[in-house]
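In this text, residue positions in the sequence shown follow this note's numbering: the first is 1, and each later residue adds one.
In short, the hints are calculated from the structure, not lab data.
Ideal placement from N, C-alpha and C gives every residue a C-beta, glycine not left out.
Each hint should be verified, as a subset may be incorrect.
Said to hold, decoys possible - Pairwise CB distance ranges (calculated):
{"no.": "1", "residue 1": "GLU119", "residue 2": "ASN241", "range": "36 to 44 Å"}
{"no.": "2", "residue 1": "LYS97", "residue 2": "ASP304", "range": "41 to 49 Å"}
{"no.": "3", "residue 1": "GLY215", "residue 2": "ARG123", "range": "44 to 52 Å"}
{"no.": "4", "residue 1": "THR238", "residue 2": "GLU79", "range": "27 to 35 Å"}
{"no.": "5", "residue 1": "GLU282", "residue 2": "PRO60", "range": "40 to 48 Å"}
{"no.": "6", "residue 1": "ARG123", "residue 2": "ILE186", "range": "22 to 30 Å"}
{"no.": "7", "residue 1": "SER230", "residue 2": "ASP270", "range": "15 to 23 Å"}
{"no.": "8", "residue 1": "PRO60", "residue 2": "SER230", "range": "40 to 48 Å"}
{"no.": "9", "residue 1": "ASP76", "residue 2": "ILE186", "range": "23 to 31 Å"}
{"no.": "10", "residue 1": "ILE132", "residue 2": "LYS231", "range": "40 to 48 Å"}
{"no.": "11", "residue 1": "LYS97", "residue 2": "GLN205", "range": "30 to 38 Å"}
{"no.": "12", "residue 1": "GLU119", "residue 2": "PRO50", "range": "28 to 36 Å"}
{"no.": "13", "residue 1": "THR238", "residue 2": "LEU128", "range": "38 to 46 Å"}
{"no.": "14", "residue 1": "ARG123", "residue 2": "PRO50", "range": "45 to 53 Å"}
What the hints assert, rightly or not - In silico DSS-like cross-links for lysine-lysine, where the CA-CA straight-line distance does not exceed 30 Å:
{"no.": "15", "residue 1": "LYS263", "residue 2": "LYS231"}
{"no.": "16", "residue 1": "LYS62", "residue 2": "LYS133"}
{"no.": "17", "residue 1": "LYS263", "residue 2": "LYS306"}
{"no.": "18", "residue 1": "LYS133", "residue 2": "LYS49"}
{"no.": "19", "residue 1": "LYS130", "residue 2": "LYS221"}
{"no.": "20", "residue 1": "LYS39", "residue 2": "LYS263"}
{"no.": "21", "residue 1": "LYS200", "residue 2": "LYS217"}
{"no.": "22", "residue 1": "LYS124", "residue 2": "LYS39"}
{"no.": "23", "residue 1": "LYS39", "residue 2": "LYS75"}
{"no.": "24", "residue 1": "LYS200", "residue 2": "LYS97"}
{"no.": "25", "residue 1": "LYS62", "residue 2": "LYS39"}
{"no.": "26", "residue 1": "LYS306", "residue 2": "LYS49"}
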Amino acid sequence: MLGQRSLMLGRSVITSQIQSSAKRLLCSATEQTPSKINKFKEIAVTIPKPFVYQVELNKPQKYNAISMQMWIEIKDCFEQLSDDPDCRVIILSGAGKHFTAGIDLNSMMKLGQELSQIEDVGRKAVHLNKRIKLYQDGFSALEVCRKPVIAAVHSACIGAGIDIITAADIRYCSEDAWFQVKEVEIGMAADVGTLQRLPKAIGSQSLARELCLTGRKFLSKEAHASGLVSKVFADKDTLINGAIELAETIASMSPIAVQATKKNMVYSLDHTNQEGLDQIREMNQAFLQSEDFANAVMAQISKDEKPVFSKL
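Make a model of the complete structure from these sequences and hints.
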């Protein structure tokens, strides 16, 4: 009884100032009203369940080959959803027969034409550097997005497809999914995230280097065994349903807790254990005073229905 009274007292003394400081730790500019998601040409955005957004690569006639236009749209979309209080979880999928055939080679040819118009080698390098940075930032938008991202992969996931799914938080696939780090086969080193994120995703430097140095295909069974994906489904339909079910579960949790968890796990990938502990301690000194924590604990103690959390 004393513990319950203490929790109720703790809930009653929560102030708007504490809640505001908690939000600032996650993002310095959180929108308080739903964002108006732009209409895109090469990706489609839908809302299959409350607080769950599905972002679909939407060029099925070209197997969702990723053009410069799509790259720009992906970055724009995930930046908008990151600040949208109506979005708590994002599913990334592909329309049509394949998840993605990788980079659109027509875009690469156009880039070659642009470079041919520049005579100076130094200026060509600057132009190319800016373009690669644009591509890198497009896929890194998934990693820095405040909301968890679930990649749902079916059939082919080639080249840039590996880049983008390794920037996601969770990866599911269908049995017919296959993967290929194809860049080495077209005479280049992958430069948009695979070389940095794939070894961390699968936990094996040896396997990651084998895949990146040979460009060999690997199937869903190996992807699952290696840890690249955490679950394999019979087909695309069950895959999408499984991703939506997972997203619903995550969306039902406290958005403060979910976003803090993602932020700290991403941070801890490139920092020491102690630095990760320091960061989460700094966040939780505010978050443990939030109404989400008090409501969730009280629901556990009293065996009440799961609390409904306000938007963040």
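Note to self: Between the beta carbons of ARG123 and ILE186, is the distance compatible with 22 to 30 Å?
What the structure shows: With Cβ atoms ~25 Å apart, the hint holds.
Margin query: Given a hint of 28 to 36 Å, does the C-beta separation of GLU119 and PRO50 actually sit inside it?
Written below: Distance hint for GLU119, PRO50 is violated at roughly 56 Å.
Item checked: Range hint 40 to 48 Å (beta carbons of ILE132 and LYS231) holds or violated -> violated, 33 Å
Margin query: Between the beta carbons of LYS97 and GLN205, is the distance compatible with 30 to 38 Å?
Written below: Since LYS97 and GLN205 have Cβ atoms about 33 Å apart, the given range 30 to 38 Å holds.
Note to self: Check whether the Cα positions of LYS62 and LYS133 lie no farther apart than 30 Å.
What the structure shows: holds, 24 Å
Notebook entry, point to check: Taking the beta carbons of PRO60 and SER230, is their distance inside 40 to 48 Å?
Noted result: This hint is violated: roughly 26 Å between Cβ atoms.
Note to self: Please verify whether LYS306 and LYS49 have alpha carbons no more than 30 Å apart.
What the structure shows: holds, 18 Å
Check: Given a hinted range of 38 to 46 Å, is it respected by the beta-carbon distance of THR238 and LEU128?
Finding: holds, 42 Å
Note to self: Between the alpha carbons of LYS130 and LYS221, is the straight-line distance 30 Å or under?
What the structure shows: Judged against 30 Å, a Cα distance of about 37 Å means the pair is violated.
Margin query: What's the verdict on LYS39 and LYS75, does the C-alpha distance respect the 30 Å limit or exceed it?
Written below: It holds: about 13 Å lies between the C-alpha atoms, which stays within 30 Å.
Note to self: Can you tell me whether the CB distance of GLY215 to ARG123 sits inside 44 to 52 Å?
What the structure shows: Since GLY215 and ARG123 have Cβ atoms about 31 Å apart, the given range 44 to 52 Å is violated.
Checklist line | Range hint 40 to 48 Å (beta carbons of GLU282 and PRO60) holds or violated | finding: Distance hint for GLU282, PRO60 holds at roughly 45 Å.
Violated hints for the displayed structure, listed by number in ascending order: 1, 3, 8, 10, 12, 18, 19, 22.
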